[in-house]
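Colleague: Here is how the chains run, residue by residue.
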Amino acid sequence: MTAIHSPGGWRKYRRRLAAARAALLILLVLVLIVPVAWTVLASIDIKPEIATWPPGWTSSPSTDNYREVMTSVPGFPRVLMTSISLSVVTTGLTIWAAFFAAYALARWRFRGRRIAVQSFLVLASMPAMAYVIPLSDITRRLALRDTFGGVALAAAATYVPLAIYILYGYLIRVPAALEEMARLEGASLPRTLWSIILPAAAPGLGATAVLVFVLNWNLFLVPTALTLNHVKTIPVALSDFYTYERELEWSNAAAALVVSLLPVTAIVVLAHRVLERLSLGPTHENP
Amino acid sequence: MHTHRQRILLFLPLAALLVPFLFWPAVFGLLSSFTTYAPAQAHGRFVGFYNYATALQNPDLRLAFRNVAVLLTTAVPAELFIGAVVAYALREPFRGRGLLRVCLLMPWLLSPIATGVMWHFLYGHAGMLDWNLAWLRLPPQPSPLGIPGRALLAVGVTEIWRKAPLAGFLLLPGVLTVPTAHWEQAVLDGASLAMQFRHVLLPWVRPLLLTVALLLIGDTLGTFDSVLMMTGGGPGSETLTPALYSFQQAFKTYNWPFAVTSAWLIVGATLLVGLGYVFVVRTEEEL
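Top to bottom, those sequences are chains X and C.
Just so we're aligned: the first sequence equals residues 1 to 287 in our numbering.
Just so we're aligned: the second sequence equals residues 1001 to 1287 in our numbering.
One should not assume that every hint holds.
Claimed, not checked - Derived pair list, reagent style SDA-like, types lysine to any residue, alpha-carbon separation capped at 20 Å: (1) X:Lys-12 / C:Glu-1238; (2) C:Lys-1252 / X:Val-34; (3) X:Lys-12 / C:Glu-1184; (4) C:Lys-1252 / X:Tyr-242; (5) X:Lys-12 / C:Gln-1141; (6) X:Lys-47 / X:Glu-68; (7) X:Lys-12 / C:Leu-1136; (8) X:Lys-47 / C:Leu-1136; (9) C:Lys-1252 / X:Arg-140; (10) C:Lys-1252 / X:Arg-16; (11) C:Lys-1252 / X:Asp-240; (12) X:Lys-47 / X:Val-34; (13) X:Lys-47 / X:Ser-62; (14) C:Lys-1252 / C:Glu-1238; (15) C:Lys-1252 / C:Ala-1126; (16) X:Lys-47 / C:Ala-1126; (17) X:Lys-47 / C:Gln-1196; (18) X:Lys-12 / X:Ala-23; (19) C:Lys-1252 / C:Pro-1235; (20) C:Lys-1252 / C:Gly-1236; (21) X:Lys-47 / X:Ala-23; (22) X:Lys-47 / C:Leu-1138; (23) X:Lys-47 / C:Gln-1141.
Said to hold, decoys possible - Ranges of calculated distance between the beta carbons of each label pair, as one might list FRET restraints: (24) C:Leu-1271 / X:Thr-147: 30 to 36 Å; (25) C:Ala-1181 / X:Val-31: 29 to 35 Å; (26) C:Leu-1272 / X:Leu-178: 39 to 45 Å; (27) C:Arg-1206 / X:His-272: 48 to 54 Å.
Treat the hints as calculated values from the structure; they're not laboratory data.
The beta-carbon is built from N, C-alpha and C at its ideal position, and this holds for glycine as well.
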């Protein structure tokens, strides 16, 4: 039929396929890494030199930009601390609320459950812009505007639907038999949740937490709409000094970008095992 | 298996987040889009569909919706396709696959704000484009972000760079559930790559693909922070998006009714897509 069926054709086919795959993947890595590497180089003052041929690089690496970002940009260390604590608190809130709700959904058989779970996904796909403008007015009325708590609660509400959708997929696969036994032994609901469900769903909780943390770390709209200048996160600060201080050098911005990228990269590298098995929604059986 | 009271308790944290910080602002926004309400003034007057009629006649907003429609029909399918190809290429284990999977998350780890700042400079003077042109002994070019007719393309490319690898990362676990025998059988039958995609891959990853598509569409409908940093909507209004328009109306020109109305047009679009999603997956098996 084809070359595959001729003697040795199978091996040749495999080799060609492997070569094509290697080429594709090398291209992919270049496309992914080069822009980021370019930024890292700019942040240590290694910049492209295009006046000469062949084009090269200036070679006077220095860490001045990092020093400058940390000291002369007003309050950058504080911005960094705010971002870290806000992301941690928000992620905690999100996972806490999503875990209970997803568990209740997974153990409650009712007509329309499917629609309920899917509507959480639809809610998760809703851009925050849809409700953030009235939200800024509401938080002002609740005296939550420009407060840490207000931003944390609003940001948690932004990503809790996504967290529920993902956690539901994990919790529905935790067999109910163990819980049933614990209940017969007289264990209370909190006790069951803590010592049976939580360990069983730990990989899912971990992966979801990392995902939500990164989303919160990068969230711009909610903190910018809900704060004036008391609670400033990294994306807000980045957009600020880019909008108001146009004279800011690319190399300074690059240093700020690299600083903003480091914590999430560290977390993702540490958590890559649970992230790799992240499944969006329920796993599917044979089609 | 839980009592009614337990269920209420389990859903309570979720309700405490969603009701005041998502549902109420969304409903409040919907109601106020039929009035002249603005936070600064005491009373709003009911005006029916006046705001919607005005908004839909506004040339900037129409252009913004056209732009997002262009992104939805070009960038989103490209992201899904590239994601599927990447996931396909990564389906067989090889040395360094784990590392590559983490690398796939790299563009997504940068916040949209940071991505915007980064690409603004990469496209800009003495950036990556100019450096490559210099190799060909060509003079530096002005940033495509400032050129009418090219700016939206440049924005689209950035969006694809940011989201296609993420789509690949999310699709990979689905691709890995396809039994190896299916692939081998397809190859022995002489199936072309396109046929393998269509008849082996698609049936297995269809639900996951739909989920990822929904999230990408929602994200694209809300496209705003990266554009804010790259072009601010310019040149002219060529890269304006509805979310950016709404943001500017709310927080720059303080035209509240207009901002809320255009935000609700985004909600309408999202809900329409969401309904389509629910309808399409209705035929899938019970969750």
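Colleague: Can you confirm whether the C-alpha distance between Lys-12 (chain X) and Glu-1184 (chain C) stays at or below 20 Å?
Modeller: This hinted pair holds, its Cα atoms lying about 15 Å apart.
Colleague: Verify the proposed pairing of Lys-47 (chain X) with Glu-68 (chain X), using a straight-line Cα cut of 20 Å.
Modeller: Holds. Lys-47 (chain X) to Glu-68 (chain X) sits at ~18 Å (cutoff 20 Å).
Colleague: With the threshold set at 20 Å, check whether the alpha-carbon distance from Lys-47 (chain X) to Gln-1141 (chain C) stays at or below it.
Modeller: Cα-Cα ~17 Å, so holds.
Colleague: With the threshold set at 20 Å, check whether the alpha-carbon distance from Lys-1252 (chain C) to Glu-1238 (chain C) stays at or below it.
Modeller: 19 Å, holds
Colleague: Check the hint pairing Lys-47 (chain X) with Leu-1136 (chain C) against an upper bound of 20 Å on the C-alpha distance.
Modeller: 19 Å, holds
Colleague: Straight-line Cα separation of Lys-1252 (chain C) and Arg-16 (chain X) no greater than 20 Å?
Modeller: 57 Å, violated
Colleague: Quick one, are Lys-1252 (chain C) and Pro-1235 (chain C) close enough, alpha carbons at most 20 Å?
Modeller: 18 Å, holds
Colleague: Given the hinted pair Lys-47 (chain X) and Val-34 (chain X), is their Cα-Cα distance within 20 Å?
Modeller: Holds, at roughly 14 Å.
Colleague: Within 39 to 45 Å: is that where the Cβ-Cβ distance between Leu-1272 (chain C) and Leu-178 (chain X) falls?
Modeller: About 42 Å separates the Cβ atoms of Leu-1272 (chain C) and Leu-178 (chain X), which means 39 to 45 Å holds.
Colleague: Does Leu-1136 (chain C) lie within 20 Å of Lys-12 (chain X) when you go C-alpha to C-alpha?
Modeller: 37 Å, violated
Colleague: Taken at face value, is the distance from the CA of Ser-62 (chain X) to the CA of Lys-47 (chain X) at most 20 Å?
Modeller: 12 Å, holds
Colleague: Decide if the proposed pair is consistent with the structure: Lys-1252 (chain C) and Gly-1236 (chain C), CA atoms, cutoff 20 Å inclusive.
Modeller: 17 Å, holds
The structure is inconsistent with the numbered hints 1, 2, 5, 7, 10, 15, 17, 21, 27, although it conforms to all the rest.
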